[in-house]
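Enquirer: First to last, the sequence lines map onto chains A and B. Residue numbers are given in my numbering: position 301 of the first sequence equals residue 301, and the series is strictly consecutive. Residue numbers are given in my numbering: position 5 of the second sequence equals residue 425, and the series is strictly consecutive.
Quick caveat, the hints were computed from the structure, so don't treat them as lab data. Certain hints may be false.
Taking lysine to aspartate or glutamate pairs in the DMTMM-like style, the calculated list, with each CA pair at most 20 Å apart, reads [what the hints assert, rightly or not]: (1) A/406 with B/626; (2) B/707 with A/259; (3) A/287 with B/679; (4) A/406 with B/657; (5) B/675 with B/643; (6) B/709 with A/259; (7) B/826 with A/237; (8) A/289 with B/679; (9) B/826 with A/206; (10) A/365 with A/251; (11) B/826 with A/210; (12) A/406 with B/630; (13) B/833 with B/476.
If you only want the chain B side, here are some residues facing chain A, beta carbon under 8 Å, derived [said to hold, decoys possible]: (14) 494; (15) 501; (16) 504; (17) 590; (18) 600; (19) 623; (20) 807; (21) 818.
Glycine included, C-beta positions come from ideal geometry on N, C-alpha and C.
2 protein chains.
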Amino acid sequence: MNARNAFYAQSGGVTAVINASACGVIESTRAHPDRIGRTFAGRNGIVGALTEDLIDTSLESASDIAALRYAPAGAFGSCRYKLKSLEQSRAEYQRLLEVFKAHDIGYFFYNGGGDSADTCLKVSQLSAATGYPLQAIHVPKTVDNDLPITDCCPGFGSVAKYVATSMKEAGFDVASMARTSTKVFVLEVMGRHAGWITASCGLAAEQAGDPPHILLFPEVPFDEDKFIARVRQCVADYGYCCIGVSEGLLDKDGKLMGESGARDAFGHTQLSGVGPMIAGIVTDRLKLKNHWAVASYLQRAARHIASRTDVEQAYALGKAAVEMALDGKNSVMPAIVRKSDSPYVWEIGIAELKDVANVEKKMPKEFISADGFGITDACRAYLAPLIAGEDYPPFRNGLPNYVRLKNIAVARKLPGDFKL
Amino acid sequence: MNARNAFYAQSGGVTAVINASACGVIESTRAHPDRIGRTFAGRNGIVGALTEDLIDTSLESASDIAALRYAPAGAFGSCRYKLKSLEQSRAEYQRLLEVFKAHDIGYFFYNGGGDSADTCLKVSQLSAATGYPLQAIHVPKTVDNDLPITDCCPGFGSVAKYVATSMKEAGFDVASMARTSTKVFVLEVMGRHAGWITASCGLAAEQAGDPPHILLFPEVPFDEDKFIARVRQCVADYGYCCIGVSEGLLDKDGKLMGESGARDAFGHTQLSGVGPMIAGIVTDRLKLKNHWAVASYLQRAARHIASRTDVEQAYALGKAAVEMALDGKNSVMPAIVRKSDSPYVWEIGIAELKDVANVEKKMPKEFISADGFGITDACRAYLAPLIAGEDYPPFRNGLPNYVRLKNIAVARKLPGDFKL
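Put together the whole structure using the sequences plus the hints.
Expert: Encoded structure:
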């Protein structure tokens with residue numbers, strides 16, 4: 001049997017550990033030269049496949065590929081570019097097939113979230129529809145932790161560790177200054193539709209009265225009077241109040257509090273400004289000195305404080321994707337299966353892409369406390385193992401030393417350009 | 421000779437390493453029981469002295485005091501509370517003397533920035549003015565790095581490491597997404613009047629074209645057209661543009677861009693919102709997708725990514741303050757003296773408080789590049805050693821394990837309360 005080539009691409013918002021999955025994929029394809037030839041990466045994700053801008057990862061040293069485990073963001077470039085249905089995007093799927101044929105690609109590994117799983121599903125159907133032999137495997141990734149079936153999503157655990165650590169540190173800061181200075185602190189975090197990241201801020205609280213004192217979830221419409229009453233009570237009880245708020249917080253009418261009107265390539269609203277808005281409400285209603293922080297990309301890029309559990313799972317899922325391909329699978333996604341919370345035991349399972357694509361996993365209602373401002377013990381039991389362990393990158397000159405790949409392009413074989 | 425007691429207090433905005441200085445002070449006073457009795461800490465800084473709310477640090481275990489080296493923020497509480505001149509605040513200085521006499525305090529260690537150095541100077545003059553034997557030593561601390569004489573200020577190096585690491589990580593993120601998504605990223609950092617922290621973002625750039633591409637210093641009035649032209653050029657050249665901006669950025673008329681109208685206890689303007697404002701200008705003028713982050717307290721509380729150099733200097737300065745007191749000194753401050761940049765060699769020197777109080781060290785003009793948007797090699801040579809080395813705190817359950825002291829109050833000896 002001919003050793004056919006593999007294609008790997010990163011899709012959607014990048015994370016602190018998506019390159020660990022890339023490392024798992026590439027190290028595993030390299031381990032099977034009898035079955036898999038070269039592994040090409042799409043420069044800037046699927047855009048690289050469409051434009052025949054492929055990176056030859058076989059030209060990277062083993063040590064540089066190994067170093068991907070420690071580097072945040074997308075080493076080959078990612079993209080926000082959604083393929084529509086086979087009917088609507090016929091030219092694009094046709095183009096993908098041409099590129100795959102030209103470069104003898106038999107394995108398609110797509111590393112992304114829910115939208116990307118949908119793309120991967122459609123690619124997985126190309127084989128049956130066209131007769132071209134191709135196996136498409138999705139490698140899960142999303143800081144939003146909103147993919148179904150898998151117990152958690154690589155990228156999330158590290159964001160969770162970052163926001164919990166940041167909240168804990170800022171909480172110590174505010175507590176020590178509150179007597180004469182800032183009494184209210186607001187940290188705005190990511191999580192468009194599900195409160196997983198907001199909930200993770202809650203891990204900072206280890207005993208009663210610890211910050212954060214209030215969490216504002218996208219699942220709980222904002223009630224200003226109730227919120228202000230709680231802030232006032234916290235300041236009375238503890239001398240200060242720390243708040244974690246989701247970028248996706250909704251008002252009573254279901255409208256985004258941080259609505260800016262901008263939209264991204266998928267048509268998602270581009271959010272910003274809920275943190276300062278909440279701080280402004282505190283200023284106006286309570287006249288309390290406050291500060292706010294917006295973590296933005298810092299939270300999802302913070303490889304320096306990544307969760308070891310997250311890194312290990314990201315790598316394992318990349319490796320498992322290759323093993324599934326070698327096992328003849330198509331249209332599937334390796335998934336994390338939790339066997340127990342404490343001690344935390346997990347293993348790799350398998351999900352059908354048709355069950356994953358475009359399904360958004362919400363946070364269970366029972367993870368949010370009855371008053372809507374905190375997390376329950378069940379939530380804590382779920383989240384705690386995901387931030388466990390440290391996995392520091394190497395440092396040089398006081399800064400993390402993140403690998404930069406050579407990213408050498410594969411010679412083009414097709415005539416003409418493809419217009420995106 | 422009677423072993424008289426010591427008083428230690430933390431003042432002003434806290435840092436990732438002010439507790440390392442506390443550790444240096446307390447471990448050093450404990451090492452000299454023949455000369456120094458108990459060490460009392462002011463609960464919430466000088467406010468604790470005024471209200472006779474003293475913490476008996478002798479009741480803390482040696483391991484808990486040692487653990488202060490790894491804990492951010494102010495373990496005894498800090499404050500923003502400025503004593504005025506001896507004439508204007510006569511009642512307060514009188515009260516301090518009464519509390520010192522009541523508790524046989526002969527050593528006053530004050531851990532703060534420029535405003536606090538002024539308070540310490542005045543306390544140091546109480547002895548001559550009243551005949552009460554008292555030695556006042558200032559321990560430098562400020563993330564703003566704006567104290568004179570000392571080569572750098574404890575707290576700054578760790579913020580510098582945090583912002584440089586964060587800029588580097590966010591830069592990797594944006595670079596990998598820019599083809600189809602965010603093209604401009606703005607990180608707002610602290611530094612009210614001096615651009616030291618803004619400059620530190622520049623350490624993230626290790627080779628030409630690396631982010632950050634633009635720094636907006638408080639020393640360089642904002643020129644919107646010039647800025648927009650530079651952003652456009654960066655996006656053309658690199659595909660994206662990362663910007664570090666100081667909270668203290670001024671417009672052409674010398675007005676704070678982020679002016680909010682609020683003021684802190686010292687009368688300083690409470691700043692916020694320069695980051696989103698700059699991002700808004702990019703949106704309006706260039707229609708480029710952008711994101712912004714405001715690090716706020718996260719940057720000065722981030723003990724998890726503290727600079728080892730900074731931690732070591734913070735500890736050494738606390739220790740040196742005690743040694744100076746034992747040496748009979750009054751009205752002085754131990755200072756960092758740089759002997760060479762590379763290899764980095766430093767030692768402890770001594771500064772007279774009269775030369776420190778109320779003097780703000782600006783960043784040298786030659787540290788800012790000719791175009792006003794970057795740092796020079798001289799600046800880099802100055803900054804680089806200050807972020808060198810890691811000094812991770814212990815972790816437990818995935819989070820930094822920061823010590824919480826018992827902070828047991830000393831029994832009061834004075835009748836009545838003191839009204840602040």
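Enquirer: Hint by hint, note whether the structure agrees.
Expert: Status of each hint after checking the structure:
Among the hinted pairs, residue 406 of chain A with residue 626 of chain B is consistent with the structure: their alpha-carbon atoms are about 17 Å apart, no more than 20 Å. Only pairs whose Cα atoms come within 20 Å are accepted, and residue 707 of chain B paired with residue 259 of chain A is accepted, the gap being roughly 17 Å. Proximity of residue 287 of chain A to residue 679 of chain B is assessed by CA-CA distance (about 17 Å); at most 20 Å being required, the pair is judged to hold. For the given pair, residue 406 of chain A sits about 19 Å from residue 657 of chain B by alpha-carbon distance, which is consistent with the 20 Å threshold.
For the hint pairing residue 675 of chain B with residue 643 of chain B, the CA-to-CA distance comes to about 13 Å; that is within 20 Å, so the pair holds. With a C-alpha separation of about 15 Å, the suggested pair residue 709 of chain B and residue 259 of chain A falls inside the 20 Å cut-off, and the hint holds. The hinted pair formed by residue 826 of chain B and residue 237 of chain A meets the criterion: a straight-line CA distance of about 19 Å does not exceed 20 Å. Taking the CA atoms of residue 289 of chain A and residue 679 of chain B, the gap is near 15 Å; set against the 20 Å cutoff, the hint holds.
Distance restraint check for residue 826 of chain B and residue 206 of chain A: the Cα-Cα separation of roughly 17 Å lies within the 20 Å cut-off, and the hinted pair is therefore satisfied. Our distance criterion of 20 Å between C-alpha atoms is met by residue 365 of chain A and residue 251 of chain A, whose separation comes to about 18 Å. The hinted pair formed by residue 826 of chain B and residue 210 of chain A meets the criterion: a straight-line CA distance of about 16 Å does not exceed 20 Å. As the CA atoms of residue 406 of chain A and residue 630 of chain B are separated by approximately 16 Å, the hinted pair is consistent with the 20 Å bound.
At roughly 14 Å between alpha-carbon atoms, residue 833 of chain B and residue 476 of chain B fall within 20 Å of each other, so this suggested pair holds. At a threshold of 8 Å, the smallest CB-CB gap from residue 494 of chain B to chain A is about 4 Å, leaving the interface hint in force. Interface restraint check: residue 501 of chain B against chain A, minimum CB-CB distance 5 Å, threshold 8 Å, status holds. Proximity of residue 504 of chain B to chain A is violated relative to the hint, the smallest CB-CB distance being about 15 Å (cut-off 8 Å).
With a least beta-carbon distance of about 4 Å to chain A, the hint placing residue 590 of chain B at the interface is held under the 8 Å criterion. Proximity of residue 600 of chain B to chain A holds as hinted, the smallest CB-CB distance being about 4 Å (cut-off 8 Å). Below 8 Å, beta-carbon pairs count as interface contacts, and residue 623 of chain B has one with chain A at about 7 Å; its hint therefore holds. With a least beta-carbon distance of about 4 Å to chain A, the hint placing residue 807 of chain B at the interface is held under the 8 Å criterion.
With a least beta-carbon distance of about 4 Å to chain A, the hint placing residue 818 of chain B at the interface is held under the 8 Å criterion.
Hint 16 from the earlier list is the only one contradicted by this structure; the remaining hints agree with it.
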